[in-house]
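Visitor: Those protein sequences? They're chains C and X, same order as listed.
Using the numbering used here, the letters of the first sequence map in sequence onto residues 1 to 191.
Using the numbering used here, the letters of the second sequence map in sequence onto residues 1001 to 1263.
A few of these clues could be false.
To be verified - The calculated BS3-like cross-link candidates involving lysine-lysine, where the alpha carbons are at most 27 angstroms apart (straight line), are: (1) C:107 <-> X:1090; (2) X:1030 <-> X:1090; (3) C:107 <-> X:1095.
Treat the hints as calculated values from the structure; they're not laboratory data.
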Amino acid sequence: MSIPVILFIVFAIVLVFLLAWAVRPPKRVLLSVDDVLNALSEKRHYARLPQILQCLRQDDTDFLYARGQDQLATRLRRDRKRIALRYLDHLQDEYQLLLEASRILAKVAPEVSPMAEFDRFRLHVRFLLFCRYLRWRLRLGLQPWDTFGVLSDMEGDLTLGLEVAATRIGERAALASELPLFLKDRRSDPE
Amino acid sequence: MASPLILRHVFWGLSTVLEIVLAAILIRRKLYRTHPAFLTYILIAILQSCFVATSYYYFGTRSRVSYFVGWDTQVLVICARSFAVMEIAKNVLGKYVGIWALAGRILVFLGLSVLAYSIFSSRSRWLLITLNADRAVELCIATLIVAILVFVRYYRVPMNHLERMLAIGFCLYSCFFVINDSIYESWRRPFADLWNYLDILAFTATLLLWINAARTAEAPRTSASPVALPPELYADLSRKLNSRLLVLNNRLNHFFRSEDSRP
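Make the full structure from the sequences, and use the hints.
Guide: See below:
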């Protein structure tokens, strides 16, 4: 059996697996535009990042070790790590929400920029990988500073991207809704 | 145990009966309104079975005439199948103007790339040229369907049960066809009898999947739903979303400022 023939078979098998993945129902489905908009108005979690970062700092618990309160310091660290992991879950939820909003925008937009969509997709994959990496770092007791910063930046980028897209759609819609009025005015204008 | 040749004939007859049943369901439930290309494909497949059976009856299964009748009609079937897949893509994504424009470009590029790869990497034996072209198109169809379903999943595009089952059926059959053809290309003699039987078996399974989906599918509504959201709704949506995003942005700016002042 030649290599191209083997590649054909492998390709077909990969396609079957991809098909199985693609037809699975998505984990979370936001039903309507209103659901997304309501959710967007909820309190944001990333604003608490400085406190989270502060509580994860090594020197924040060093004084307890210095005073011989090892047990208390260990418990404190464990609790703070747990809180950081929960914070990460919320951060991911918020990101998913923004992504959901961008999908809805793409659905209603009269034109979708391939590059913008590709960038968003790339960002999404990066965010998921960073999230997973950060979780493992936290579980292993490593310092998460840089990665946390990157994740927050990514969420910020997506928000800004959404604003630009929404503004563009708004401009188009405004133009489209003004056009009939303009034509009506012209018709009623007695020149 | 029955030989593959007898089994092939039995399943061939069965698949033709199932094709007729499927066509009848599509017509009775008026699904031809939304899936005209799919119905055409099924009708062409029925006609192909009739032509090939007639040819086998008069000229024998191993005759040159039967060979050409079989493969020439197969070209028509593949073309019809391709149109049916395009119809699925249009039905599912066509309502979303922006996504459809993006998906259309990507699907065309993807389809042509797979087609080109398959043709150039196939062996250039004259005897297998139709088979290789057929495999190339099947691989192209399977790739396109997976790409459509990935788009559907990524953008959370609603897809009804019938469209989903049609897509799954086309994709699974095409993948099976590619594997079956590739094995046949390498071991033609020992595999020849089994090859045709397995192909018909896979197609019969696909037909059963489609019949079940078509039987339970809702009849198409006479009043067509609006293709795109009206501009006023765009304006409303963007205004709402913009205000929410502005709040988010302000909070984000606040967070950046507080991060700067971090010890």
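Visitor: The structure should be examined with respect to each hint, and the outcome stated for every one.
Guide: Hint-by-hint comparison with the structure:
1. C:107 <-> X:1090: Distance of about 15 angstroms is within 27 angstroms: holds.
2. X:1030 <-> X:1090: Given pair residue 1030 of chain X, residue 1090 of chain X holds - Cα atoms ~19 angstroms apart, limit 27 angstroms.
3. C:107 <-> X:1095: 9 angstroms, holds
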